[in-house]
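Each protein sequence line maps, in turn, to chains A, B and C. According to our numbering, the residues represented by the first sequence are 1 to 302, in order. According to our numbering, the residues represented by the second sequence are 1001 to 1235, in order. According to our numbering, the residues represented by the third sequence are 2001 to 2321, in order.
Check the hints yourself; a few may be wrong.
Here are the simulated DSBU-like cross-link-like pairs (lysine-lysine), alpha carbons at most 30 Å apart as the crow flies [to be verified]:
1. K97/A to K2309/C
2. K1178/B to K1212/B
3. K1196/B to K1063/B
4. K2309/C to K2198/C
5. K1196/B to K176/A
6. K2256/C to K2198/C
Per label pair, the in silico range of CB-to-CB distance [stated by the list, open to error]:
7. I2091/C to M177/A: 46 to 56 Å
8. M177/A to R1077/B: 13 to 23 Å
9. S2177/C to R101/A: 29 to 39 Å
Chain A side only, calculated, beta carbon under 10 Å to chain C, not exhaustive [stated by the list, open to error]:
10. V95
11. L99
12. L120
13. G129
14. A130
15. I243
16. A269
17. L271
Honestly, the hints are just simulated from the structure, not real lab data. Positions of the beta carbon are idealized from the N, C-alpha and C atoms, including for glycine.
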Amino acid sequence: MVQLALWGVVLGSIIALGSVGLTLIWGITDLFNAAHGDQMTVGAYVTLLVVALIPDVGFLQAAVGPFSFPWAVLIGIIPAIIVSAFLAIAIDRVVYKPLRRMGATSITGFIASIGVAWGLRGLIYVLWGADFHFYASGIRPMVSFLGLRLRTDEVFIVVVAWLATAGTYIFLQNTKMGKALRALSDNADLARVAGINTDRMIVWAWAIAGFLIALAGTLYGIQTQLRAEMGWIFLLPLFAAIILGGQGSITGAAVGGLVLGLAQQMSTAWLRPTYKPAVAFMIMVLALIFRPQGIFGEKESR
Amino acid sequence: MSVLQVDNVVSGYGSMEVLHDLSLAVGQGEIVAMLGPNGAGKTTLLRTIFGVVPPWSGTITYKGEDISGVPPERLVRMGLAYIPQEYNIFASLTVQENLEMGAFIRDDDIHPRIEEIFELFPDIAERRKSRAGELSGGMRQMLAIGRALMLNPELLLMDEISTGLAPFLVDAIFERVKELNDQGVTILLVEQNAPKALQTSDRVYIIEGGEKKAEGNPEAIAADEEIARLYLGRS
Amino acid sequence: MQIGGLLSYLVSFSIMAAIYGIFSMGLNVQWGYTGLLNFGIAAFFAVGAYTSALVVAPLPTGPSADYVQQAIGLNMPFLVGVAAAAIVSGILALLVGLLTLRLRGSYLAIATIGIAETIRLFFNNEPWLANGSQGLVGLPQPLYGLVPPRYYNYVYLAIVLVFLLLIYFALERGIRSPWGRVLRGIREDEVMVAANGKDVFNFELQSLVVGAMIMGIGGALYAHFRASIQPGLFRPTYGTFIIWTMLTLGGTGNNKGAILGGFVVWAFWSWSSTVLATVAPAGLETRAPFFRYILIGVLLVGVLLVRPKGLIGEERQVSRF
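Go ahead and model the full structure; you've got the sequences and the hints to work with.
Written out as structure tokens, the structure reads:
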């Protein structure tokens, strides 16, 4: 049981990190971005691309410390983050910004994001095919502690995921831009009236989301394997996490992610593992019905 | 010369025209009140002046410069500020963060100004670390005004800041409005509380159905029985 | 390709497109007329397909009984299966609606996706019900044997078209009735309708149920056309999102648009893989079919940006009192 909980924390950490960017965009632009998962996939594959490009010289392809993945992955994350951020900005520029200008509802944005999701997934399929890919093959070392076992990679994932999540939180709480982003998320009309350049803030929000998306995608890729549908399948738990957390709430999304990760893994003690996603959906549906503003719902209802 | 001049402005939302050819002017140092029934277009006028809603036609000039359709982030640099009627604070931000957002466009140290605002509104100073959403109604309005004052505006647009407040708070708020005006801030306000508005303002416009129905000094408006009966809800 | 081959391809294409047209009309009732964000079409699709399969197919006998599990197998006529599909889908919609219709906007969308996926996982994980992930094969087909098997699809196309037209005319009548007027009123201004003394929730529930019954019929027609169903067929992409694309592209609020969208999107979807596979450079033939994801994605976004009302927008409806 404790072992299951530990695995739940690993899964929950990735969900938490993935959902932070999603809830940020939801809060600021009111968009439920269905392409978020596929943007994660893109991030993971850009890392893969760089890993494949880096020549097989000595230490670059050697495993990082006690982990299974090579140094090349850590180098590859950097371009992946940059590409992902610019991709996110570009998508907003081409799709969502014109829709906002047209006065389209957030529902239209959601439907459009499904189109974006298809486009990105198609791109991954065409460029890399439907096969599985790995950053590294070979054994995955484990660590044991008090009779509990965890892969070293998973320790890395948990640490990085929470560092990034906490970093985002600190950024939003303490920097001028972070506060402006929260202000925009809280009350977009008033933010404009106060003189905050909302268009520019939205660009920054997408950049931050893109950064987090690529990181989450790559960590997810380290945890399992890469395939074109990885992000799409991961999307619903992310939605569940941000709904649990409440619109625009970073802490809510993080806790929501953790709760879902734990619930999914621990449910396998009673249910078939193939029911794991259903556990996430049911928690989400129940949360929606009984507490639609989320655990950490902050927005004043209008 | 007037600070703000609105000439023949037509505006609305979507395909619905709300303002029909509306003109008014606000002189330097004046308090001008707009009165009239709900849905008359007073809020729409403020939103149009402040670039939240683009005007369909007509011109808006501020100190001789055409500001029709200029976005808010540029207007605040020119010395305008706007306090919307509802949702005029960032509820999930702290009181101090709300004030910081009021000076978003300034890159220098804004803390001296924040302290000045807190001196002006000592009640909210005690709550500076609280979430704005936890404040009482009166304090919320103080904070909303404080936020708008962060950049030392020369022209302040206020939309029904007294709505829903207890009478003694209404008095307090209007005292503050008077004080600000004495310090040289020109004010254009929309108000439901007609007696209070007539008592505070230098000039009054009566707006109904997106059109100007009357204008004049408060004494004349108050004395006009027809206006009182038709627009101010007195019989 | 010979003329005969092309024709038979067109027939099977038309069957699928017409079935998708039916789903699209079902969604049009819910979203187009009432403004309900049902993103759980796949649930009603799957339940319709499975219900009809279990009602029409007999219980497995002989050697197949060893490896096919099926909770029931009523061996009833095809039309009973279709009717059962509509009823069971409708009941599901009633339950889903009671649970979720209080939710607004995107929340309803996400809740319905979650419910649909849960139902798919249920079919997948409970082999006693309908053979789990293996699904059911060899489902009976109506009027089979009327013509030689190679011409059977013509018969089935006729059956599907009859359903398509019946549903179309029923909906066109319904939407011009006072009932349809209330639904459109809810879409435009819910508060106003409530102020006029109408029970908004009740009407929304009716709309959801009617739409879901249509989807259930679509699911039944799909099951007996393919003659085999597996839970994997009812994933959100094929079961829900493609139908949203069809309605959005064809014209939300317009039943003709819903049908047109079904044909156009299905044409893009099914033909692009065929065409692209022939022109793709050597070595990439296997990836060519995936181009259709990009194509459909661009198509959907393009329509929303350039022609938000779809190919044929909503007609002004004149209600008869």
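Structure-based check of all given hints:
This hinted pair checks out: K97/A and K2309/C have alpha carbons roughly 18 Å apart, not beyond 30 Å. As the CA atoms of K1178/B and K1212/B are separated by approximately 25 Å, the hinted pair is consistent with the 30 Å bound. Distance hint between K1196/B and K1063/B is fulfilled; the C-alpha atoms sit about 28 Å from each other, no more than 30 Å. Taking the CA atoms of K2309/C and K2198/C, the gap is about 28 Å. The hint holds against a cut of 30 Å.
Of the pairs offered as hints, the one joining K1196/B and K176/A is violated, with about 38 Å between alpha carbons and a cut-off of 30 Å exceeded. Our distance criterion of 30 Å between C-alpha atoms is met by K2256/C and K2198/C, whose separation comes to about 29 Å. The beta-carbon spacing between I2091/C and M177/A, approximately 52 Å, falls within the hinted interval of 46 to 56 Å. Separation of M177/A from R1077/B is about 18 Å and conforms to the stated range, judged on CB atoms against 13 to 23 Å.
Range check, S2177/C to R101/A: Cβ separation about 38 Å, and the 29 to 39 Å hint holds. Checking V95/A against chain C: minimum C-beta separation of about 6 Å stays under 10 Å; hint holds. Taken as an interface hint, L99/A checks out: its beta carbon lies about 7 Å from the nearest beta carbon of chain C, inside 10 Å. The criterion of a C-beta within 10 Å of any C-beta in chain C is met by L120/A, whose closest approach is roughly 8 Å, and the hint holds.
The interface hint given for G129/A is met, as the beta carbon of that residue sits about 5 Å from the closest beta carbon of chain C, less than 10 Å. The restraint placing A130/A at the interface with chain C holds, with a minimum CB-CB distance near 7 Å, inside the 10 Å limit. Annotation: interface hint on I243/A holds; nearest CB of chain C at approximately 6 Å, less than 10 Å. The beta carbon of A269/A comes no nearer than 16 Å to any beta carbon in chain C, farther than 10 Å, and the hint placing it at the interface is violated.
The interface hint given for L271/A is met, as the beta carbon of that residue sits about 9 Å from the closest beta carbon of chain C, less than 10 Å.
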